[in-house]
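Novice: Next come the chains, spelled out residue by residue.
Number of protein chains: 2
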Amino acid sequence: MEQLRQQLGEIEAIGSVMALLQWDQQVTLPAGAHQARQRQVETLASLLYKMQSSEELGRCLERAREIDPSTLSGMERATIREAYREYSRVIKTRESLYRRISGLEVTAQATWEQARRENRFDLMAPVISEWISIRKEEAAVVSPGMDPYDYVLDEHERGSSVQKMDRMFERIKQPLIELLAKIKQPDNDTPGVAFPMEPQRELARKIIQDMGFNGRLDDSVHPMTVPVSPPSDVRITSKFIENNPRFGILAAIHETGHALYEQGRVEEPGLIALRPLSTGMHESQSLFWERMVGLSREFWDHYWPGSGLAKHGVKTGDGFYRYLTRVMPSPVRVEADEITYPLHILIRYEIEKGLFDGSLSVTEIPSVWNAKMEEYLGVTVSNDAQGCLQASLDIHWSLGIFGYFPTYVLGAIYACQLFDAADRDLGGLVRQNIAQGMFAPLREWLRDKVHSIGRLYETPEELLQVVTGKGMDPDGFVRHLTLKYSEINLTTRD
Amino acid sequence: MEQLRQQLGEIEAIGSVMALLQWDQQVTLPAGAHQARQRQVETLASLLYKMQSSEELGRCLERAREIDPSTLSGMERATIREAYREYSRVIKTRESLYRRISGLEVTAQATWEQARRENRFDLMAPVISEWISIRKEEAAVVSPGMDPYDYVLDEHERGSSVQKMDRMFERIKQPLIELLAKIKQPDNDTPGVAFPMEPQRELARKIIQDMGFNGRLDDSVHPMTVPVSPPSDVRITSKFIENNPRFGILAAIHETGHALYEQGRVEEPGLIALRPLSTGMHESQSLFWERMVGLSREFWDHYWPGSGLAKHGVKTGDGFYRYLTRVMPSPVRVEADEITYPLHILIRYEIEKGLFDGSLSVTEIPSVWNAKMEEYLGVTVSNDAQGCLQASLDIHWSLGIFGYFPTYVLGAIYACQLFDAADRDLGGLVRQNIAQGMFAPLREWLRDKVHSIGRLYETPEELLQVVTGKGMDPDGFVRHLTLKYSEINLTTRD
Numbered sequence: 001m002e003q004l005r006q007q008l009g010e011i012e013a014i015g016s017v018m019a020l021l022q023w024d025q026q027v028t029l030p031a032g033a034h035q036a037r038q039r040q041v042e043t044l045a046s047l048l049y050k051m052q053s054s055e056e057l058g059r060c061l062e063r064a065r066e067i068d069p070s071t072l073s074g075m076e077r078a079t080i081r082e083a084y085r086e087y088s089r090v091i092k093t094r095e096s097l098y099r100r101i102s103g104l105e106v107t108a109q110a111t112w113e114q115a116r117r118e119n120r121f122d123l124m125a126p127v128i129s130e131w132i133s134i135r136k137e138e139a140a141v142v143s144p145g146m147d148p149y150d151y152v153l154d155e156h157e158r159g160s161s162v163q164k165m166d167r168m169f170e171r172i173k174q175p176l177i178e179l180l181a182k183i184k185q186p187d188n189d190t191p192g193v194a195f196p197m198e199p200q201r202e203l204a205r206k207i208i209q210d211m212g213f214n215g216r217l218d219d220s221v222h223p224m225t226v227p228v229s230p231p232s233d234v235r236i237t238s239k240f241i242e243n244n245p246r247f248g249i250l251a252a253i254h255e256t257g258h259a260l261y262e263q264g265r266v267e268e269p270g271l272i273a274l275r276p277l278s279t280g281m282h283e284s285q286s287l288f289w290e291r292m293v294g295l296s297r298e299f300w301d302h303y304w305p306g307s308g309l310a311k312h313g314v315k316t317g318d319g320f321y322r323y324l325t326r327v328m329p330s331p332v333r334v335e336a337d338e339i340t341y342p343l344h345i346l347i348r349y350e351i352e353k354g355l356f357d358g359s360l361s362v363t364e365i366p367s368v369w370n371a372k373m374e375e376y377l378g379v380t381v382s383n384d385a386q387g388c389l390q391a392s393l394d395i396h397w398s399l400g401i402f403g404y405f406p407t408y409v410l411g412a413i414y415a416c417q418l419f420d421a422a423d424r425d426l427g428g429l430v431r432q433n434i435a436q437g438m439f440a441p442l443r444e445w446l447r448d449k450v451h452s453i454g455r456l457y458e459t460p461e462e463l464l465q466v467v468t469g470k471g472m473d474p475d476g477f478v479r480h481l482t483l484k485y486s487e488i489n490l491t492t493r494d
Numbered sequence: 001m002e003q004l005r006q007q008l009g010e011i012e013a014i015g016s017v018m019a020l021l022q023w024d025q026q027v028t029l030p031a032g033a034h035q036a037r038q039r040q041v042e043t044l045a046s047l048l049y050k051m052q053s054s055e056e057l058g059r060c061l062e063r064a065r066e067i068d069p070s071t072l073s074g075m076e077r078a079t080i081r082e083a084y085r086e087y088s089r090v091i092k093t094r095e096s097l098y099r100r101i102s103g104l105e106v107t108a109q110a111t112w113e114q115a116r117r118e119n120r121f122d123l124m125a126p127v128i129s130e131w132i133s134i135r136k137e138e139a140a141v142v143s144p145g146m147d148p149y150d151y152v153l154d155e156h157e158r159g160s161s162v163q164k165m166d167r168m169f170e171r172i173k174q175p176l177i178e179l180l181a182k183i184k185q186p187d188n189d190t191p192g193v194a195f196p197m198e199p200q201r202e203l204a205r206k207i208i209q210d211m212g213f214n215g216r217l218d219d220s221v222h223p224m225t226v227p228v229s230p231p232s233d234v235r236i237t238s239k240f241i242e243n244n245p246r247f248g249i250l251a252a253i254h255e256t257g258h259a260l261y262e263q264g265r266v267e268e269p270g271l272i273a274l275r276p277l278s279t280g281m282h283e284s285q286s287l288f289w290e291r292m293v294g295l296s297r298e299f300w301d302h303y304w305p306g307s308g309l310a311k312h313g314v315k316t317g318d319g320f321y322r323y324l325t326r327v328m329p330s331p332v333r334v335e336a337d338e339i340t341y342p343l344h345i346l347i348r349y350e351i352e353k354g355l356f357d358g359s360l361s362v363t364e365i366p367s368v369w370n371a372k373m374e375e376y377l378g379v380t381v382s383n384d385a386q387g388c389l390q391a392s393l394d395i396h397w398s399l400g401i402f403g404y405f406p407t408y409v410l411g412a413i414y415a416c417q418l419f420d421a422a423d424r425d426l427g428g429l430v431r432q433n434i435a436q437g438m439f440a441p442l443r444e445w446l447r448d449k450v451h452s453i454g455r456l457y458e459t460p461e462e463l464l465q466v467v468t469g470k471g472m473d474p475d476g477f478v479r480h481l482t483l484k485y486s487e488i489n490l491t492t493r494d
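The listed protein sequences correspond, in order, to chains X and W. Going by full-length UniProt numbering, the first sequence wraps up at 494, each residue one higher than the last. Going by full-length UniProt numbering, the second sequence wraps up at 494, each residue one higher than the last.
Bear in mind the hints are in silico, worked out from the structure with no lab data behind them. Hints may contain errors.
Restraint ranges, calculated between C-beta atoms of paired labels, are given here [what the hints assert, rightly or not]:
id: 1; chain 1: X; residue 1: Ser54; chain 2: W; residue 2: Arg424; range: 31 to 41 Å
id: 2; chain 1: W; residue 1: Gly437; chain 2: X; residue 2: Asn214; range: 35 to 45 Å
id: 3; chain 1: X; residue 1: Met197; chain 2: W; residue 2: Arg65; range: 58 to 68 Å
Glycine included, each C-beta is placed from N, C-alpha and C at the ideal position.
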């Protein structure tokens, strides 16, 4: 076990260096140094791959799997399970797929950028087709007999499947479309608050400090959390936009949610089961703080007085809360509100499913995309750059990432359930705590129930069962949104 | 040749990642993350060592050495020469010394810190003894028959030797001691200028931009230049001290001199002969800008008007020049002026030489140190923390670095020669250019003659011969200082 941890610890150390390179690239790298950075990343990636696929690691894992499990801690057993799963995947895909994947990765991002710039989906189509073919072969090699879309869903969210996702989306699709129809749209297409960047940044710094984040907040093109060496070195960024405090402040809260998960981990090099459980569970932490806490009336009742917002025409905390919770269908996912966000994801899920089961061809993506945008969100897409090429952040398909999008909705559902469970465990005082800017009880509850637990349980369903007493609950999520937005909608705006 | 460059390029890439880790550690790393950083550094260092000592590299070098030299460029031939030299050193010391060195490195820095804190040289003595024994064995293994102190001198400054250093110090020792005796000491022990940190930083930023530096200037505990991926990613730091503009501004100019050397390199991955020539030549670039340019009357005639210094009681550029060029013997090397600095180095050189030839034992260091400080500088050392343990930066001996100190003086001598040669080549207009803040001609001259030449010539002597028409010239250095400080000394201070 010591030897295994030693080897996994070295792999972890190289991974953490690559995380630092990523942070540095977005925050401090000089403009002309991208080629040199590329050489660093490629050299490390190739060393990392050698370590991850080494015979030495294989032998070490075989020996570890022969240890009597009763002599190991739960976290040690989970570490062997996770490391073996990962090693098997690497070994099984090494011969057939590694070169194909590496080659495509080199060109894909540039192709996507050109396609967006020139509004030409036809440039992207062959890349997407090749990725789907790669993922299908990967599924066949790693998990023979498994449905390929089940395989990619399960890769991102252990225990997930088409059947489960279908059932989940079925529970939320119609209710959200109906809720959306009932909500008054704001008169002004681009409601703003004349709040300059510096006070936005100051307010965000105060909030994330109150939340208990300990680390750097920098600016970058896209907000991100970089767990360089969690828990001791976790860095976040946000992006502040003049007179649009919604984006930068909510992004800072969102990233802090991710960061607290990483900072709530136990530090034990090589014990990789201490890693965050899944993509969806990670997203549940960011959305817990962004939506359940940050998008609450109590939160802004607390922060409005010291925020300086009064000087900029926002006369009450409630006024700012209403500004932040406005619902406004738009073609862009990353700017979407709580109600329309899951519908953006649903469109992507339905398209991916069709691409994998063969009922949809890649060339049909634009027309299907636009039709669904119209049907679910009432949004007319004027061109593919605004539509299926998503002008800002939906790079997933061009990088071969399928089965990932649903985790954004899973995160929102988990967040809602965890919030209710926390409120139950903390004596129903959570909203009162928020109104006082007192976040320690919530944070410690999350650390205790989620952050420090890592991958002790194999799936998010198991963890939810233990912590909340039931599995994933989309109905509760719909009830929560219906209640919240009916209430906002019924009272008068200032 | 292509294969060799590929392998050397990968080694270079890992080295550049380690440079980034070092920069990050001094500038952005959170306080609690040093253990995690240590794991990253150790993992990378061990991978790097494997690459540097791999049989594959050895085979590749053997094949490269068989290539007909006439089919190679001068820089390619120099790359093979440098890479073979480095590989031989690594291979020859691998068996006998690698573990001994690694082990000592782990404990040495902590021991030095404790020794300084508790003012106990006796704690350091065994560490220094062990390092000397290691370096002697290294010399015996790598260059059998060579004098061990010659060997370490040559490691830092190719072509250097005890004989040459003796001759050099002999030319400067008495003249500098006599010059020092003639210079009026300032009445006040701690002359300061009431210049706050922010305008210091602003002035430094303006200067380094005018000099042509393109990159980040951050704060750190000790000023440094980190060539992460030169020429495209070079970062510097300085340290600004309230009401002591001398330290922070001169340090920023000094580091920019180092940085311009790195930014003046040609970018060709794996062609390692493009690296800076030697430690002394690197120091010549920092001192060129710090002392020949920054410590000139013309420089401050130009910068004083826009500096804001007038508001803080500095009434002329000349006044600030006199403040910066004050001569004041003190026990601390890193704060020393141009006149006393070489004498600080001489003390270290004489002690190192004695330790290596056996005429001095490690336990005698404190008494010899203090006697020489008194004799050369007229400074009474009150305790070892201020003396041979050097409270701030002289960590060299505890890390096993011997033969390095003389390069500080060599750099000053080279700088002086290069300045004269530049003035000759640029039509005697250099001082006039400085008075106009016009640094491009000087910088381009240095790029052309030094920065872009790398290690094409094997030794600094050869390069000096080509560029200035003569070898190292300590007499010219003494003449320059005598003239400069007689002039300052003879005119009245304001």
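Novice: If a hint holds in the structure, say so; if it does not, say that too.
Specialist: Evaluated hints:
1. X/Ser54 <-> W/Arg424: 31 to 41 Å: Cβ of X/Ser54 to Cβ of W/Arg424: about 59 Å, so the range 31 to 41 Å is violated.
2. W/Gly437 <-> X/Asn214: 35 to 45 Å: For X/Asn214 against W/Gly437, whose Cβ atoms are near 44 Å apart, the range 35 to 45 Å holds.
3. X/Met197 <-> W/Arg65: 58 to 68 Å: holds (59 Å)
The structure shown violates just one earlier hint, number 1.
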